[in-house]
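Construct the entire structure; sequences and hints are all you get.
From first to last, the protein sequence lines stand for chains A and B. My numbering puts the first residue of the first sequence at 1, with every later residue one more than the last. My numbering puts the first residue of the second sequence at 1, with every later residue one more than the last.
No lab work stands behind these hints: they were computed from the structure. Each residue gets a CB set at the ideal place from its N, CA and C atoms; glycine is no exception. Treat the hints with care, as some may be off.
Said to hold, decoys possible - One-sided excerpt, in silico: chain A residues whose CB lies under 10 angstroms from chain B:
#1 37
#2 91
#3 93
#4 516
As the list claims (entries may be wrong) - Taking beta-carbon pairs under 10 angstroms as the criterion, some of the chain A residues facing chain B (in silico):
#5 109
#6 116
#7 126
#8 128
#9 166
As the list claims (entries may be wrong) - From the derived model, a few chain A residues whose C-beta atoms are all more than 10 angstroms from chain B:
#10 73
#11 134
#12 162
#13 248
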Amino acid sequence: MARRILFVTTDQQRYDALGCNGGRIARTPVVDRLAATGIRYERAVPQNVVCMPSRATMLTGQHVRNHGVWMNGVPLPADAPSVAGLLHDAGWRTGLFGKAHFEPFLDPFLRFPESRMGRHRQPNEDGRPHRGFDHMELAGHSGAGLVHYSGWLREHHPDHVASYYPPIDGTMDVNAAGGGETGAPQVGENPIPREAHHTEWVVDRALAWLDGMADADDWFCWVSFPDPHHPWDPPASEVGRVPWRDLDLPAGYPADREERERLLDAKAPHWRRWYDGDLVSNYEVPAKWVPATLTADQVREVDARTHVSNELIDEALGRLLSALDRRGWDDDLDVLFTTDHGEFQGDHGLLFKGPYHVDSLMRLPLVWRPAPSSGVAPAVVDGPVGLLDLAPTFCRIAGLDVPGWMDGAPLPASTGEWSQRKRPAVLTEWDSRHPSGAEVHLQTITTDGMVCTRYEPGTSHDGSEGEMWDLSADPLQRVNLWDDPARRSGRDDLLAELDALLPDRPAEPLRVEAPV
Amino acid sequence: MHRELVIGAPADEVWSVVAAPERQAEWFPGMVSSAVEGTTRTVVAAAGAFFLEEILAIDHDRRTFEYRITGPMVVHHHRGRISVLDDDAGSRVVYEQEIDPKALASVLDGAIGDALEGLRDLVLHGRTSRAWEPPASTGGGVGS
Chain A
1 MARRILFVTT DQQRYDALGC NGGRIARTPV VDRLAATGIR YERAVPQNVV
51 CMPSRATMLT GQHVRNHGVW MNGVPLPADA PSVAGLLHDA GWRTGLFGKA
101 HFEPFLDPFL RFPESRMGRH RQPNEDGRPH RGFDHMELAG HSGAGLVHYS
151 GWLREHHPDH VASYYPPIDG TMDVNAAGGG ETGAPQVGEN PIPREAHHTE
201 WVVDRALAWL DGMADADDWF CWVSFPDPHH PWDPPASEVG RVPWRDLDLP
251 AGYPADREER ERLLDAKAPH WRRWYDGDLV SNYEVPAKWV PATLTADQVR
301 EVDARTHVSN ELIDEALGRL LSALDRRGWD DDLDVLFTTD HGEFQGDHGL
351 LFKGPYHVDS LMRLPLVWRP APSSGVAPAV VDGPVGLLDL APTFCRIAGL
401 DVPGWMDGAP LPASTGEWSQ RKRPAVLTEW DSRHPSGAEV HLQTITTDGM
451 VCTRYEPGTS HDGSEGEMWD LSADPLQRVN LWDDPARRSG RDDLLAELDA
501 LLPDRPAEPL RVEAPV
Chain B
1 MHRELVIGAP ADEVWSVVAA PERQAEWFPG MVSSAVEGTT RTVVAAAGAF
51 FLEEILAIDH DRRTFEYRIT GPMVVHHHRG RISVLDDDAG SRVVYEQEID
101 PKALASVLDG AIGDALEGLR DLVLHGRTSR AWEPPASTGG GVGS
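Here's what the structure looks like:
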């Protein structure tokens, strides 16, 4: 009996993007059905809130300090272990379609294999698996770049290579140019036909690879949608699905400016500094955009466009699953759906992401639909789990021992199983050094009901700062309990637990080879 | 950015390669070509992008080569300098760059590290970099 794992990721997608998680805007019946017949996790937490470190964790099952990708632009070492490699060595066919980002995107000298493979439109290098994947066809967030999608677009839709919003401006900063009807940053009109958009291309290429599988083949297929990550430029033909003027403001957006600023002042100082335009701590944010200029209408327009992308992803996934069902493969197919980190999308008066460990970025959608043949009952798990638990889960599905180099543990299939975990808390780290010189370092522990963040000394912090949130009493994370004397003992317990989880820092951090 | 490497060959021998700006693509991995016309060098990178550079100075006495990137991307400031120094083990090559926009610094830093190793490979073993296309080549080079 063949076993099959379909691992589906989006990029920068919020927990509440999905209907099964309470989302009321995007229609996501495909993922909702997976959740209804599978296991839905209410508190899935990334080990880092930017792409490369989080994706390295998904591939290796390791904490950031152990795989070493501490910031975007740091490539995962060529000899890093990989769950895809384990599966490949056990005889599984392995493929990745869409965004990889284990190596930097900005690579004019083709120093990295992903760039070379993309530039030359090869599924691997010299016929050898890359990071354990027999076959890779890669995409990014636009029509340009060193990815297979760009080459495909140049060949089949040359008029649309330039249709996407340019993610980088002429000075090598992330583009801050406004667009749409509200002038929101990173919003653009994209005339590309839907069938040529990277969301559809990712599924097309995955299906082309899977068409070559025999019924007896064990396969692991990672389908990695680049959306709904900014730029917010879904195909123009689809934008009308969610009219922004019809949307209420998100619950997490404090519409009153004074209240918004008061809430930011209650957090660590870099929040307000960024909001005011005094600090840019990470390259992924448009350096020329000042969050204080964000208007309520811009929040709605970004929200609307994001949900258009969320719908398109769900429909594309439905197309993929229908095709697999027609092959008769569904009964032995495990499907896992998640994302690498979240997005502010208006919460706290902000957009994008950065060193801010709140639910906007830290509470992720995660659904596991076990193979129906396994007989696992549907469930909801409300305790925290990490993305580092994905790789061990793939091992368990494949009947492989979880290797000692993985830090995670297989995902629990029920809250009862969760409560049996040796370490029920989850760690998230951030370390950054921006080209401007700004340095930010923080670590966060998420337990059942609490999130506690400690800041180390940096250019905005002296090491005394922190945040602590009671998720039950304060789901919008507006009341910072860090300095509350009545919560001091609880805080100390959480920090002790954090220290127990935290691996040692590597003696020498890996080198940053590009800004992203 | 500052990278350096000791090469087990006399400094004059290493300098003879560095001082020929049209030869840089032979040893700089990821460069397809480095054509010189007057004081302008045009470098084509393996990904298809190109850099325009102005050759500022070639000092045979001090064995230093200086240049700057002038375009086509917006570059507020750039200086590159390669120095070949005597060393007990042969020669020590120092490759330094400053650049604004700073976002490009990490990209160039890694590349010049590879470049010094490529220089050593060429001087000691006669191996040219993988992307380099000899000027007489009619092949398409990298591309789809």
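**OP:** Using 10 angstroms as the Cβ threshold, decide whether residue 37 of chain A counts as touching chain B.
**Re:** violated (42 angstroms)
Subject >> Residue hint residue 109 of chain A, partner chain B, criterion CB-CB below 10 angstroms >> reply: Holds, because the Cβ-Cβ distance from residue 109 of chain A to chain B comes to roughly 2 angstroms (cut-off 10 angstroms).
Original post:
At a threshold of 10 angstroms, is the proposed contact between residue 166 of chain A and chain B supported by beta-carbon distances?
Top reply: violated (13 angstroms)
Original post:
If you take the shortest Cβ to Cβ gap from residue 128 of chain A to chain B, is it below 10 angstroms?
Top reply: violated (16 angstroms)
Subject >> Minimum Cβ-Cβ distance from residue 134 of chain A to chain B exceeds 10 angstroms >> reply: Nearest chain B Cβ is 21 angstroms from residue 134 of chain A, so the label holds.
Original post:
Given residue 93 of chain A as an interface hint, is the shortest Cβ-Cβ distance to chain B below 10 angstroms?
Top reply: Not OK, violated: residue 93 of chain A not within 10 angstroms of chain B, min 25 angstroms.
Original post:
Per the CB criterion, is residue 126 of chain A less than 10 angstroms away from chain B?
Top reply: At 12 angstroms from the nearest chain B Cβ, residue 126 of chain A fails the 10 angstroms test, so the hint is violated.
Subject >> Cut-off 10 angstroms, beta-carbon criterion: hint that residue 516 of chain A touches chain B >> reply: Constraint on residue 516 of chain A satisfied, holds at 9 angstroms.
**OP:** Would you check whether the claim that residue 162 of chain A is not at the interface survives, using Cβ distances to chain B and the 10 angstroms cut-off?
**Re:** holds (15 angstroms)
Original post:
Does the claim that residue 73 of chain A lies outside the interface with chain B hold up, using a Cβ gap greater than 10 angstroms?
Top reply: At about 6 angstroms from chain B, residue 73 of chain A fails to clear the 10 angstroms cut-off, so the statement is violated.
Subject >> Hint status (Cβ of residue 91 of chain A to nearest Cβ of chain B, threshold 10 angstroms) >> reply: violated (32 angstroms)
Original post:
Is it correct that the beta-carbon of residue 248 of chain A has no partner in chain B closer than or equal to 10 angstroms?
Top reply: Correct as stated: the minimum Cβ-Cβ distance to chain B is 37 angstroms, above 10 angstroms.
Checked against the numbered hints given earlier, the structure breaks hints 1, 2, 3, 7, 8, 9 and 10 and satisfies all the rest.
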